[in-house]
Structures are given as C-alpha cells and as structure tokens.
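**Q** Listed here are the chains, written in short residue letters.
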Amino acid sequence: MKLQILLALLQKEIALMKRNPIIPKIVFAMPVMVMLIIPLVANLDVRNVNVTVVDNDHSQLSRRIIADIAASEYLDVSSVSNTHSEAMSAIENGNADVLLTIPPDYSENAMSTMPQVDVEANGVNATKGMIGSQYVAQAVAGTLSQWYAENGIEMPRVDQSVIYRFNPTLDFRNYMIPALMVVLLIIICGFLPALNLVSEKESGTIDAMNVTPVSRFTFILSKLIPFWVIGVIVVTVGLLIGWLVYGLVPLGSLFAIYLAAVLFSLVMSCLGVTIANRSSTMLQGIFVMFAFIMIFQLMSGLFTPIDSMPQWAQYVTCLIPPRYFIEIMRSVYLKGATVIELAPQYLALLIFASVLCCIASISYKKQV
Amino acid sequence: MNKAIEISEVSKSYGYIHALDRVNFTVEQGELFGLIGPDGAGKSSLYRIIATLSAPDSGTATVNGMDVVRDYRKLRKRIGYMPEKFSLYQDMTVAENMAFFSSLFGVSAKENYDLIAPIFSQLEKFPDRMAGALSGGMKQKLALSCALIHRPEVLLLDEPTTGVDAVSRSEFWDMLATLREKGITILVSTSYMDEATRCERIAMINNGRILAVDTPSALINRLDENLYNAVATDMFGLLSRLRSNPDVIDCYTFGATLHVVGNDNFSAGQVEEALKKTGMEDVRIYHATGTIEDLFIKQIRDGK
Chain A
37 MKLQILLALL QKEIALMKRN PIIPKIVFAM PVMVMLIIPL VANLDVRNVN VTVVDNDHSQ
97 LSRRIIADIA ASEYLDVSSV SNTHSEAMSA IENGNADVLL TIPPDYSENA MSTMPQVDVE
157 ANGVNATKGM IGSQYVAQAV AGTLSQWYAE NGIEMPRVDQ SVIYRFNPTL DFRNYMIPAL
217 MVVLLIIICG FLPALNLVSE KESGTIDAMN VTPVSRFTFI LSKLIPFWVI GVIVVTVGLL
277 IGWLVYGLVP LGSLFAIYLA AVLFSLVMSC LGVTIANRSS TMLQGIFVMF AFIMIFQLMS
337 GLFTPIDSMP QWAQYVTCLI PPRYFIEIMR SVYLKGATVI ELAPQYLALL IFASVLCCIA
397 SISYKKQV
Chain B
44 MNKAIEISEV SKSYGYIHAL DRVNFTVEQG ELFGLIGPDG AGKSSLYRII ATLSAPDSGT
104 ATVNGMDVVR DYRKLRKRIG YMPEKFSLYQ DMTVAENMAF FSSLFGVSAK ENYDLIAPIF
164 SQLEKFPDRM AGALSGGMKQ KLALSCALIH RPEVLLLDEP TTGVDAVSRS EFWDMLATLR
224 EKGITILVST SYMDEATRCE RIAMINNGRI LAVDTPSALI NRLDENLYNA VATDMFGLLS
284 RLRSNPDVID CYTFGATLHV VGNDNFSAGQ VEEALKKTGM EDVRIYHATG TIEDLFIKQI
344 RDGK
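So the sequence lines, in the order shown, correspond to chains A and B. The working numbering numbers the first residue of the first sequence as 37 and each following residue consecutively. The working numbering numbers the first residue of the second sequence as 44 and each following residue consecutively.
Everything labelled a hint here was simulated from the structure, so no lab data went into it. Computed from a predicted model, the values in this text were never measured in an experiment. Virtual Cβ for every residue (Gly too), placed ideally from N, Cα, C. Certain hints may be false.
[Unchecked claim] So the derived label-pair ranges between C-beta atoms look like this:
no.	chain 1	residue 1	chain 2	residue 2	range
1	A	Asn-56	B	Tyr-59	38 to 44 Å
2	A	Ser-316	B	Glu-71	33 to 39 Å
3	A	Met-330	B	Gly-226	56 to 62 Å
4	A	Met-330	B	Met-173	34 to 40 Å
5	A	Val-352	B	Asn-45	55 to 61 Å
6	B	Arg-116	A	Leu-319	30 to 36 Å
7	A	Leu-355	B	Arg-172	47 to 53 Å
8	B	Arg-116	A	Met-330	38 to 44 Å
9	B	Ala-138	A	Asn-56	15 to 21 Å
10	A	Leu-355	B	Lys-225	55 to 61 Å
11	B	Lys-225	A	Met-330	27 to 33 Å
12	B	Asn-45	A	Ala-65	56 to 62 Å
13	B	Tyr-57	A	Ala-327	50 to 56 Å
14	B	Ser-234	A	Val-268	22 to 28 Å
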C-alpha cells in the first residue's frame, strides 16, 4: 500500500520531469559544459611573468643570469633597466611583475661568499607576484650553482628539492576535476528539489496533495529519490569526461566515489527540500539556497585549503557537508584511498544525510 | 447520526486581518449547502479549515463527527476537496491525473466509476490531452472527477464555477444535483448570487461573519421591503435622482435595471410622475421580486 503510493508519486515526478522543457537538458548539459570548459580556463599555473632587471654588475655571471631568465618557460625579461627608479616605473605602469637587482661586485663576491640579489615583486596580483618572485629566485640560484660547478668552486649550500606526491607535476586539473564534480552536485542536487517543491506550492498542486492520505515522509521521499538518480547521472557524466577528455581516472574504486556521491546528493537534496518547505515563493527559495551554496563553495576547501583558514573558520568547516565530499573525491581520485580509510568522512556524510532527511520531513507541514 | 459538517465559533486571523470571526453553521447529511459571499469574505479560509489544511485559532470544526485538527488523518480519506485554484498537474494528461489520484487513495478508478461517469464521460474522448490544455469547464470537470475518485462522504467545492462560462456553470450545478442524489454531502461556495437558489440551504458570509443561514426561499421571504425596478435611458441620472429622494432607502444597479428600496411613504406612481416632469420622459418604476442579492445588500446595509 505504502509502496504503491510511493511508486505512483515517483511515476508522477518522472513524467513531469520528462515534460519539463529545461530540467532534463540541464542535467546533461551543465556537467558537460562545466567539465569541458572550466578546467581549461580556471588555471592556477603562473606563466609569462615579466621581469625587469637592474644589472649593476655587468659581469659574465650577471649576463648569464639574465639570459637564463629569458630562456625560462615561465619568465620573460621585459626590460633591462639602468637605474632602480627606472625599473620601478616599469612595475608601476604594468610592464613588469618582478624586479631583479643584481648588486655591483656580484660576481666578485660570489667567489668568496654566497652572493645576494634583490627580488621585488608587484603585490597587486598576489599570486603572480609571489610565484613569479619564487621562480626568479630559483632561476638565479640555478644559474649560480651551475656556474660554481663549472668553475670548480666548492660552496657549502643547502640543496632543496621538492617532490610532489600523488600529483607529481602539480597539474591543476587533477586537483580541479574531482572538485568540479562536487560543485555540480551541490548546484544540481541542491537547487532542483527546492525549485520542484516550491513550484508545487506556487501552482497550488500541493493543496491537492495535502488533502490526500499520503504521509509526509512518503511525499518527501518521492522528492528525494529522483535527485539521487540525477546525482548518479551527473557523477557518471563527470567521470566519463574526466577520463575521455583529460585522461584522469580515479586511482581508487568507483564504488567509493558513487557511495560518496549518493550520500552527498541526499544531503544536498534534503537541504533543498528543507529550504523549500520554509519558502512560499520561488524567489525566496532560490535566494536562501544561493546563500548556502556560496558558503559551501567558499568554505569547503574547494578553492582555498581549509588548513590556511583561521582556526575558528576551520571549526566551522566541520559543519559544511561538501568539505567531506571534497576530501573523499580528492583522496580517491589522486591517492586511491578506500572507503575504510575514509570512514570518518563517509560517516560524517551519513550523519548529515540522516539528520537533514529528518528535518526535511518534519519541516514539511501538511497543516498550517 | 452526526452532522455532516459542524462549525462552531470558528475564528481565524492572518496577522491583523480577521478572516473568520466566530463562524457557526451546520450542514446536514446529504445536503447541498451553499456558502455565498463576495470575494474576500472568508470562504476559502473556511474551506482550508474544513479540508484539514489549516487549523482554526479558536472554535471547533467537525466533519461527520471527526475533528478537523485531531482526526485529520482519518478525515483526509473521507473528504474530497477541490480548491479554488486548479490544482491538478497541468503537465500530466487527463488519464494520468486520474490514475495518479486514484493510486494515492489506494482505489482503482473502476471501483467508483459509476460515481464519476456522468462527469468524466465528456473527458473520455481525450484521455491524452494535457490537463493544462483543457478549457476552463473541462478543467473543473477533471478536478471534480479527481476529488470524487475515492468516493468521499463530504465534497468540499471552493468556488468551482468561477471563471467558467454560463452553460458549463449550469451543467456543473446539474452534476452537483446528481451527486447529491447519490448521498454525498456537498458544501459549495460561490460569489455568484444567482447560483444560490440551486442549493438546498445557504449561508451568507461577508467580512468573515455569517449573516444568515436558511433555505433560499425562506431567505428571500425575509425581504419585506418595497422593492422596485427602475429603468430609463439616462440610468446614471436616474440613479442619482432616486438616491437623493428622501423616501428611497437604497438604490443600486441590478443587471440592466436599478433596484429601488423605498420606505413606507414611497409610492412608485408618484415618484415616476415627478421624474417625468423633470424631463425623464421614459422612466418606468414597477414592482420587483427580491433575490438573494437584494437580501445580501440589505444584510450588509443593516449591519452598518
């Protein structure tokens, strides 16, 4: 009896969804667009850093340093200035991002001690300035150590070498693609159920539903199940594009990814339903949902690492469900982590799902 | 035997608006009961309470002896509610809507087909038409069929004929009469006063208050006023002149004529003569039969 009602409700949802002129297209088009375009445009690699050099040394070594910088893949020598103020004006009018000053007697000093150069960077574009100045410092150090080796000079120096595990080339895409799938689930599974339920309120069909003996749990379930299925479809499309277009295959099991996706779509759709229960118009629903989604995207560690947030904010992120989903996706994709290893994250999602599911059914009032 | 619907001292406010103010009335088993009142009188608020969708602030409402707040679960299987706004799924076909609502109530459409046959027969020609693409009258028939699919004991129809053409309206009332013969209690609301006479008893409601409850003929008998029709080419001039006459209690437009309520000194012949002398050559004033609308206007006037 109960099952029969649920089936009838699901049949209705599917019929309405199929006839909706936009939703089915969005479900396929949005993941495809996001997965195809965003990894190409949203790139944190810093290239084409313009360097202006003030060479006060005019030695073989200083000219070699300039030539090596010019030859670098990431750096360009935009100008060689005679004075520091001339170089500064190049930075001010945007022709250069980093200023390298080679002091007088640089190569002479280099014979006896580790010589120093000055590196100044334009901090307006913080990322470019920071990374660009590191590149310049590395390039200078590289040229210097080569020069020492060629001239047979022994210099006590600290050799730094960094190996990036799990993403050896620090390819931004490997980091981005799992995260984009999270964004898609946040948006699709969060917005669609909210819009669906509020539209029933706006069109008045909810009144016809409310006078039937359908229990609220059954009704809410009929709103959640279709979005589970949609969540799974979205993840599948994302996995396929990641593999076919970017050649990125999760190191871990697909089961681990789907389990997390199913839990997470439930979390998001329960949240959407809860918000819809409290909104009487589409506009209200969208606005409140948007506030949640903003916070979810900015505080879940999607764009900036949680570890670099202030301590209080790190505690807050524990209450943000996508945080766990992102951790799972990245670990499974890049490290090949298993469900058991990620048990705390799965458990957190499960708790969020159960609590929100209860809130969604309780907050749905058939009687005002 | 319980009363089909029993409303006692029901009040409901939305913020500072008093939608319902101590409403009382009862509907007998198997009665076709009308709730008559203008827009904003509180009809829909009352319907939402009886349909278990909203709880009264104070007072009680029972349907077949069951309280609308306490026993709402049991009641939902026994009432059929058709809201004022078309509330079926517009993007589903006629057949799908019917099948959907019958499975929600756990009945098969065939079981109760005898009940809906006279209404649904006209829709059977196009089972695959989207509900949203139906005409106003057809939408109402589909909505009524869906509200009847589980053979409710009490049928609650909130302004079912609003926005429906005159022929379909008349047909709709014929259908209600047929349903009543099958023993279903019907509470129907309307803002069309002329439909009141098709009910067995009516309650007149305005500003959240019940003005009168009785049979339509008994209510019309309450009109003991001198009621006259008045017509002339210059209707507006006639209206203002009659209103300024000290013997006229009230004068208002009524269809193509004016209705004039006179006091005991009012004499149709004398007033007609007087008006003709002032240049209204074609004025005619003659006796009129009172209607529910006249009573309504009287009730509101007396209430002031």
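**Q** If a hint holds in the structure, say so; if it does not, say that too.
**A** Against the structure, the hints:
| no. | hint | verdict |
| --- | --- | --- |
| 1 | A:Asn-56 / B:Tyr-59: 38 to 44 Å | holds (40 Å) |
| 2 | A:Ser-316 / B:Glu-71: 33 to 39 Å | holds (37 Å) |
| 3 | A:Met-330 / B:Gly-226: 56 to 62 Å | holds (58 Å) |
| 4 | A:Met-330 / B:Met-173: 34 to 40 Å | holds (38 Å) |
| 5 | A:Val-352 / B:Asn-45: 55 to 61 Å | holds (57 Å) |
| 6 | B:Arg-116 / A:Leu-319: 30 to 36 Å | holds (33 Å) |
| 7 | A:Leu-355 / B:Arg-172: 47 to 53 Å | holds (49 Å) |
| 8 | B:Arg-116 / A:Met-330: 38 to 44 Å | holds (40 Å) |
| 9 | B:Ala-138 / A:Asn-56: 15 to 21 Å | holds (20 Å) |
| 10 | A:Leu-355 / B:Lys-225: 55 to 61 Å | holds (58 Å) |
| 11 | B:Lys-225 / A:Met-330: 27 to 33 Å | violated (57 Å) |
| 12 | B:Asn-45 / A:Ala-65: 56 to 62 Å | holds (58 Å) |
| 13 | B:Tyr-57 / A:Ala-327: 50 to 56 Å | violated (27 Å) |
| 14 | B:Ser-234 / A:Val-268: 22 to 28 Å | violated (50 Å) |
Hint check: violations occur at hints 11, 13, 14; the rest are consistent with the structure.
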